[in-house]
Amino acid sequence: MPEPEKKIIAVDGTETGVADGGDAAAQPIVFLHGGTPGITPYAGGTHVWGGVPGRFAGRHRVVAIDLLGSGRTGYPDRPALIDDYGRHALATLAALGVEGAHVVGHDLGGAVAFWLGAKGGGRIASLTVVASAEPTPLIDSLEDLTFLNPPGRDYDYEMQRWAYDRVSYCDRHIDGALMAASLAAAAAPGVTKARHFMADPAALPRLTASIGRLKAEMWTLNKTTGWPVPVQYIWGADDPPTPRERGFKLFETLAASQPHCQFHLVPRCGSFVFREHPQHFVDLVDAFVDGLAETPEAFRYP
Amino acid sequence: MNVASTPRMRDPRRIDIDGVETTYFEAGSGETIFFVYGGHFGGADAGSSAQAWDLNFGPLSSQFRVVALDKLGQGRTGNPKRDEDYTMAAVVSHAAGLIKALGLRDLHIVGHSRGAFAATRLALEYPELTRSLTMVSSGTTSPLISTNEIRLAGSPHPFYTRESARFTYEGYCHDPRAVSEDWIDRSMEISSLPRVPECMDKMYGEGLYFRTFIPNLARLKRETLQWLGEGRLQRPLQIFWGLNDQTADVGGAFELHDLVSPHQRVEVNIFGHCGHFPYREHPARFNQLMSRFVRKVAAQAEPAHA
Chain A
126 MPEPEKKIIA VDGTETGVAD GGDAAAQPIV FLHGGTPGIT PYAGGTHVWG GVPGRFAGRH
186 RVVAIDLLGS GRTGYPDRPA LIDDYGRHAL ATLAALGVEG AHVVGHDLGG AVAFWLGAKG
246 GGRIASLTVV ASAEPTPLID SLEDLTFLNP PGRDYDYEMQ RWAYDRVSYC DRHIDGALMA
306 ASLAAAAAPG VTKARHFMAD PAALPRLTAS IGRLKAEMWT LNKTTGWPVP VQYIWGADDP
366 PTPRERGFKL FETLAASQPH CQFHLVPRCG SFVFREHPQH FVDLVDAFVD GLAETPEAFR
426 YP
Chain B
675 MNVASTPRMR DPRRIDIDGV ETTYFEAGSG ETIFFVYGGH FGGADAGSSA QAWDLNFGPL
735 SSQFRVVALD KLGQGRTGNP KRDEDYTMAA VVSHAAGLIK ALGLRDLHIV GHSRGAFAAT
795 RLALEYPELT RSLTMVSSGT TSPLISTNEI RLAGSPHPFY TRESARFTYE GYCHDPRAVS
855 EDWIDRSMEI SSLPRVPECM DKMYGEGLYF RTFIPNLARL KRETLQWLGE GRLQRPLQIF
915 WGLNDQTADV GGAFELHDLV SPHQRVEVNI FGHCGHFPYR EHPARFNQLM SRFVRKVAAQ
975 AEPAHA
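In order, the protein sequences belong to chains A and B.
Residues in the first sequence are numbered consecutively from 126, following our numbering.
Residues in the second sequence are numbered consecutively from 675, following our numbering.
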């Protein structure tokens, strides 16, 4: 089966970097990376997944998307809100003809995954949310000091390596390929544009507010028609900026209305579960996707 | 596989273990999974037996050798020979006796509830037989308090009836639809054996439950938690739990994780919409995680499995 191939497509006029491969006829798995463009001191994109998407190429269609302002993807002419990220990801899936996907989202990509779960209708089969603080209940949580004072400047090697290390249990996964791709991404036009707009101090609170509105919608669905898609949460046991209590509370909340929810704690692991423990990560995604497929109707409690 | 009719575990085998006629099941080949179900002799669920694993045994036997026993004084295994053997320690010795008699080693031991406590003791006392440990929903093993007696109190039905068995299992499970008629059938087959009232009479009539069983378990639990906290469990550990378990709070999963994780890897898997029986309430997803854990641990032992 072909390894995911990197290419650039136009999505509603926005240049969009994607990696697309695997078995085109099989059920798709979609990867949404993390990092808040212009805020997080590393330049995210499809490259942060490393070899993990390719591990699914034998049994699935595999699609990884550069979100707005990351990798090779452009950015709007104003600070992007979560709805912009969500609409762009949904339009990208539509452009690629992806239906019924299992969506894997890390960090901000986890919030985009929940946006797709809430509004994506039949395009989404399940969510796997990895170390993602944004969609968790955060009211009265502590100030996040993870990236308070980055060293280096302008997304140089020192700054980005430091950022990856800050959210890792062990720095062994921060290899030359990750750093080279992150340095290249930092110079891309979309990323530069995101940095320009997010430099406005009012921009981040607006993004946070938009995620707050998404969460209000999630909690409302939970209390009314029910959270619509299965979700599993994968958390590193040693993820200082995203403590397990946040993920567990989100799991507990949506499990009230969604019968297919799992929460996993991965030992000796920070935020980048798929880089620090790729085999464990692949096992958890495979087990969830295959387990859902094997669950007989009689066990599908409404 | 369907809730209404699950394939029964077939061909029970019989073996004498220290004078106790012992029943066990065995199927498949490859890495060996050894299942220890929950409950204890004379407990609320007098009908529990190795058949508790019937949703897992068959599916996992296609990749692994699977072995499940009826514990001492339960299922179709005989009652303890002596009053002083109405203990968890004797249950563990009996299970170890079976493992040795069958020549099993490199076991992936999977225990549920009280059976997870026995499984943990096996892994601690017999590391030479153990390759990994899986604890499922074990209030007995966790530092927290179990609430079975509170949750299961007030059954309006007489002992040993289908209605009382259903009342018990529905109290354990999050969704009553997980309690199949097959499950009740198998429970009734066991609780109607003549061995059961004899055992109940020993435990409650003669008072061995509070005089012998509970004090022994309390002492063993103190020792077990101390050993786990010291890092004596030197094998990979994974923990399963149901979010909605009303008999063993899900916080126990994190307590056990925090106790053992300073010393070694501990994986935690928690299911939503799930009470005390994750392997019966969500069998397909449980089996998927179980088989991948065993394959991963096996690959760490022998690269040929990778």
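Keep in mind the hints are simulated off the structure, nothing from the lab.
Honestly, I wouldn't trust all of these hints.
To be verified - Distance windows between CB atoms, simulated:
id	chain 1	residue 1	chain 2	residue 2	range
1	B	R684	A	K348	44 to 52 Å
2	A	D290	B	G905	24 to 32 Å
3	A	D300	B	R906	32 to 40 Å
Stated by the list, open to error - Quick partial rundown of chain A residues pointing at chain B, CB under 8 Å, derived from the structure:
id	residue
4	I133
5	A135
6	D137
7	D300
8	Q383
9	P384
10	C386
11	Q387
12	F388
13	H389
14	Q404
What the hints assert, rightly or not - List of simulated lysine to any residue pairs, SDA-like, C-alpha gap at most 20 Å:
id	chain 1	residue 1	chain 2	residue 2
15	A	K374	B	D923
16	A	K348	B	K755
17	B	K755	B	I888
18	A	K374	A	G337
19	A	K348	B	N918
20	A	K131	A	G175
21	B	K970	A	D411
22	B	K895	B	G879
23	A	K348	A	G246
24	A	K131	A	L308
25	B	K970	A	D415
26	A	K374	B	N918
27	B	K970	A	L308
Every residue gets a Cβ at the ideal spot worked out from N, C-alpha and C, and that includes glycine.
Here's how the hints hold up against the structure:
B:R684 and A:K348 have their C-beta atoms about 46 Å apart, which keeps the hinted 44 to 52 Å range intact. The hint said 24 to 32 Å for the Cβ distance between A:D290 and B:G905, and at roughly 28 Å that hint holds. Restraint check, A:D300 to B:R906: a C-beta distance of roughly 36 Å satisfies the suggested window 32 to 40 Å. Proximity of A:I133 to chain B is violated relative to the hint, the smallest CB-CB distance being about 36 Å (cut-off 8 Å).
Checking A:A135 against chain B: minimum C-beta separation of about 39 Å lies over 8 Å; hint violated. Hint status for A:D137 relative to chain B: violated, with the closest Cβ pair at about 36 Å, above 8 Å. For A:D300, the interface hint is violated, the least distance from its beta-carbon to any beta-carbon of chain B being 21 Å, above 8 Å. Given hint, A:Q383 at the interface with chain B, holds; its Cβ is 7 Å from that chain's nearest Cβ, closer than 8 Å.
With its C-beta approaching chain B no nearer than about 4 Å, A:P384 sits inside the 8 Å limit, and its interface hint holds. Below 8 Å, beta-carbon pairs count as interface contacts, and A:C386 has one with chain B at about 3 Å; its hint therefore holds. With a least beta-carbon distance of about 6 Å to chain B, the hint placing A:Q387 at the interface is held under the 8 Å criterion. The beta carbon of A:F388 is positioned within 8 Å of a beta carbon in chain B (closest approach about 4 Å), and the interface hint is therefore held.
The criterion of a C-beta within 8 Å of any C-beta in chain B is met by A:H389, whose closest approach is roughly 5 Å, and the hint holds. The interface hint given for A:Q404 holds, since its Cβ lies 6 Å from the closest Cβ of chain B, which is under the 8 Å cut-off. Of the supplied pair hints, the one linking A:K374 and B:D923 holds, its CA atoms being roughly 15 Å apart against a limit of 20 Å. Proposed proximity of A:K348 and B:K755 is contradicted: the alpha carbons are some 55 Å apart, above 20 Å.
For the proposed pair B:K755 and B:I888, the alpha carbon gap of about 18 Å is at most 20 Å, so the pair holds. A threshold of 20 Å between alpha carbons decides the hint, and for A:K374 with A:G337 the separation of about 16 Å falls inside it, so the pair holds. Pair hint A:K348 plus B:N918 holds up; C-alpha atoms about 18 Å apart against a cutoff of 20 Å. Simply put, A:K131 and A:G175 have alpha-carbon atoms about 13 Å apart, close enough for the 20 Å limit, and the pair holds.
Restraint check: the Cα-Cα separation between B:K970 and A:D411 comes to about 13 Å, which is no more than 20 Å; the hinted pair holds. Annotation: proposed proximity of B:K895 to B:G879 is violated, straight-line Cα distance about 25 Å (limit 20 Å). In summary, the hint linking A:K348 to A:G246 is supported, as the alpha carbons are separated by about 18 Å, within the 20 Å threshold. Distance check on the hinted pair: A:K131 and A:L308 sit about 17 Å apart at the alpha-carbon level, within 20 Å; holds.
Under the criterion of a C-alpha separation no larger than 20 Å, the hint pairing B:K970 with A:D415 is consistent with the structure, at around 17 Å. For the hint pairing A:K374 with B:N918, the CA-to-CA distance comes to about 13 Å; that is within 20 Å, so the pair holds. For the suggested pair B:K970 and A:L308, the alpha carbons sit about 34 Å apart, so the restraint of at most 20 Å is broken.
Violation of the numbered hints given earlier is confined to hints 4, 5, 6, 7, 16, 22 and 27; the remaining hints are satisfied by the structure.
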